[in-house]
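J.: One letter stands for each residue in the lines below.
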Amino acid sequence: MAKTQTVLQTDSMTMRFGGVTAVFQLNLDIREHQIVALIGPNGAGKTTAFNMITGVYTPTEGDVIYTAPGEEPVKITGKLPSDIAKMGIARTFQNIRLFKDLSVYENVMIAKHLHLKSNFLSATLHLPWYNKEQRQMEADVEKLLRSVDLWELRDEKASSLPYGKQRRLEIVRALATNPKILLLDEPAAGMNPKETEELTEFIRQIRDEYNLTIFMIEHHMDLVMEISDWIYVLDFGMLIAEGTPVDIQNNSRVIEAYLGVDEDAES
Amino acid sequence: MLPLPSEEEGAFIFRFPGGEKMDFLTQFFQVIANMSAASLAQHIVNGISLGSLYALIAIGYTMVYGILLMINFAHADIVMMACYFAFFGITVFHIPWYITFVGVIVATAALGVVIERTAYRPLRDAPKNSVLISAIGASFLLENLANYLFSGRPLRFPDIPLLSQTITVGSVQIQAICLVIPVITFISLLVLLHIVNHTKTGMAMRAVSKDYEIARVMGVNIDRVISITFIIGSSLAAIGAFMWGVRYPGITPLLGVMPGLKCFIAAVIGGIGNIKGAVIGGFILGLGEVLIVAFFPQLSGYRDAFAFIVLIIILFYKPTGLLGEKTTEKV
Amino acid sequence: MSKRNMILTVVGIIVLFAGACYAQFELDSYLRRIINLCLIYAIIGLSMNLTNGFAGQFSLGQAGFMALGAYVVGVFTVPVELRSNVFYAVPMNPLIADIQLPLWLALIFGGLLAALVAFLIGTPVLRLRGDYLAIATLGFSEIIRIVITNAQSFTNGALGIKDIPTINDVRYIFLATAFVFIFVTCLVNSSYGRAFKAIREDEIAAEAMGVGLFHHKCMAFMLSAFFAGIGGGLYATLLGTVDPKNFLFTLTYNFLLIIVLGGMGSITGSMLGSIIVTAGLEFLRVFDEPLEIFGTTIPLFRPGFRMVIFSLLLMVCVLFWRKGIMGTEEFTWNKFVAFCKNPFKYFMRKGARNNG
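Protein sequence lines correspond, in order, to chains A, B and C.
Per my numbering, the first sequence starts with residue 13, numbered consecutively.
Per my numbering, the second sequence starts with residue 94, numbered consecutively.
Per my numbering, the third sequence starts with residue 4, numbered consecutively.
Accuracy of the hints is not assured; some may be wrong.
Quick list of in silico lysine-lysine cross-link-like pairs, PhoX-like style, CA-CA up to 25 Å [what the hints assert, rightly or not]:
#1 B:K221 to A:K112
#2 B:K411 to A:K91
#3 A:K144 to C:K6
Covered stretches of chain A, going by a simulated chain C footprint (3 or more residues, C-beta under 8 Å) [said to hold, decoys possible]:
#4 94-107
#5 133-141
Everything labelled a hint here was simulated from the structure, so no lab data went into it.
Idealized CB from N, CA, C, for every residue including glycine.
From just these sequences and the hints, can you work out the full model?
T.: Listed below in structure tokens is the structure:
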């Protein structure tokens, strides 16, 4: 594998909540165009790591460094989530956080707002330059929704969609922010094997089509092993292993950590 | 309106800061020069008794917020109703004041529970804003009911000679009630802390305020815990109201509003959800308010603004309050 | 918006304006006053809906922002020669004593002042998650009133300001109301309106999608204050006098009732709610008078009963009918046309959609 540029890096990232250390000195190095997985038993601190990277939590110690392709590295530790999103880091949530009462269309349109240059006055008065931006946004959203077969459902309330479509909508919404790196928090949760297969294809597709780097938390091992270029394993907040899927599958510490907790064995 | 000197007193002249800065400072030095140890002691006693009243009422706010994560807007109006209950007990029905005192506590506690059952319980699973609106509605309803039933004319809280007599300590003249209030507050606080920390009910209350869902799953009777919380909060409010009435005898339907706001701010200052914090917050606001007016009499019209300035400062520097703990939302 | 809808909207406004003209020339001044009050309350109700309904930020400060707007109008539109008569206790502050502004300018300044104060209040409070905004705005509404009461040389303190040139012209107020409603409708339908709704639905998700929370909350808050200030200014011209006691926080509760009744998150709802509440406030006045049936006076009806009924209405609404009349939906020409074509089918479809 040729040496690729680092997009996202965490440097001894630590999170303490009062007396509990949720994540301890986590070092991640995520390369451009890779699909990287973060796995580990429940409660290992994976979503906490995501939250630190996206700015929801400010790390107690350590740093998060983001390098947009073609630009200089920037320390994004402690920045606001909205600023981090503007820089090109988008995410989905473990428990699906769609805008429930809004339509499918509105959900994705909102994700286009962050790149709007017109101020509220121009927007309200529908001045020409705002209208131009609006039309561009509408075109982008239509393309995105059509690509996942959600265009016909665009006026439905997001909460009325079946579970699988909601997950797809959330991913598409994150894509609408034009990210460079996409963080997916358990995208395959609750899916059957066929749906998981479709999702695997979908993730590969969007990675290629939108030139993305993908960083995901997942429990479905077939998806992880099939698609990942690199895997990080977390247990009790600490990194216990990293490597290619083959390395991880044969790593005894990983097997130990997962004993009895492998969700894949149950489903 | 409140008998406190917010709007009725003189000194309305607005001093334009730039042109009369010297005057402001000279006034301040004059006040200091003229203040004797006796009058300073008087002010401090006043401040402590006001602070105690605020503390008693603030506890009700902080307990309800700690468990239900809502601002009980109606709490202030419960104080107001308690004053009216006392008025009716003593002045209209001529029941001896010590018996009325107990009766008022019971009636107010009952009122608190009724409000919880009708206005808050049905909305427990509703979005947060709904329960807030309901609280406002309950507050509004109580104020309008009082206005309708008792008319808007200020009534005079019954005089209780034992408490309103003036006692002379050294060269200082104090109303007896000013000494009683901190004592009663202190005793109430001790009893409350004992309940919370050393009884099974108190443990249930602490569990519910730490994690509502887990407590429910573990078998804690949530409804009972919430009712008890309201009973305690309302009883303390009744005690506070009674003493408030002796100290500031004018009763009107809107009597509770400004003190209610300040008491919630006191709870926020001390750390919302924390009982000791509410007490500390109450004293900070009470003492602060009295002393500011004592040292800067020309600001007396703005005395109510003091609480909000402290609120802004706390929100800027320590939003979780002095004794509060940082809670992180699970994402 | 399709061409047909645009034409319908323009026609609709012209029709309503014609109605306003009719009201101005044919109805007596009592009814005209009520219509004006209803329109003004609709503006302020809509301003409250902007923060509370659309952005999901619970603010209780409308009375205070109204007061700011009302006082700017009061202070600057009273003709200079009459001022010494009004400010008889303490003379008006020389800085402003000779400045007289035309109404439209005073209205805008009132709105801007309210927006500025909203910014000052919002900066510390809007950055925090929690219910602090409600308490802070409620408190500041009272503080604004206290400052107004004390700043006697600027505002005449507790004496209030009289001799404000009045405008009882339904057409003028209708145009102002139409302007505000059209502006807010355009805002809500723009990308910024969607951003507000996103914040209301899920702050954390909105932030993750790049919507700056503080920036947008502050924007909604300031706009809300701006329109409340304009509403307050119009209110001052309607009454002809302003008095700190007009702007007690309890006034805010009226607007809360309007938006809860009409539907938090519906522009149409704000108008409907205002019509019901204003009309109700007026025509329920009869409840405040002793009622005699067959020669016996029913003790239930005396002063204050009307407001008891209103507070009960607010409680009933929030307990049993949280969505209000419109919920978060609006009147649209598409729906209206569908209704006109086949009323029965319209309701059947609506029922199916709600149950699906």
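J.: It remains to establish, for every hint, whether it holds in the given structure.
T.: Taking the hints in turn, this is what the structure says about them:
{"no.": "1", "hint": "B:K221 to A:K112", "verdict": "holds (16 Å)"}
{"no.": "2", "hint": "B:K411 to A:K91", "verdict": "holds (19 Å)"}
{"no.": "3", "hint": "A:K144 to C:K6", "verdict": "holds (19 Å)"}
{"no.": "4", "hint": "94-107", "verdict": "holds (count 7)"}
{"no.": "5", "hint": "133-141", "verdict": "holds (count 4)"}
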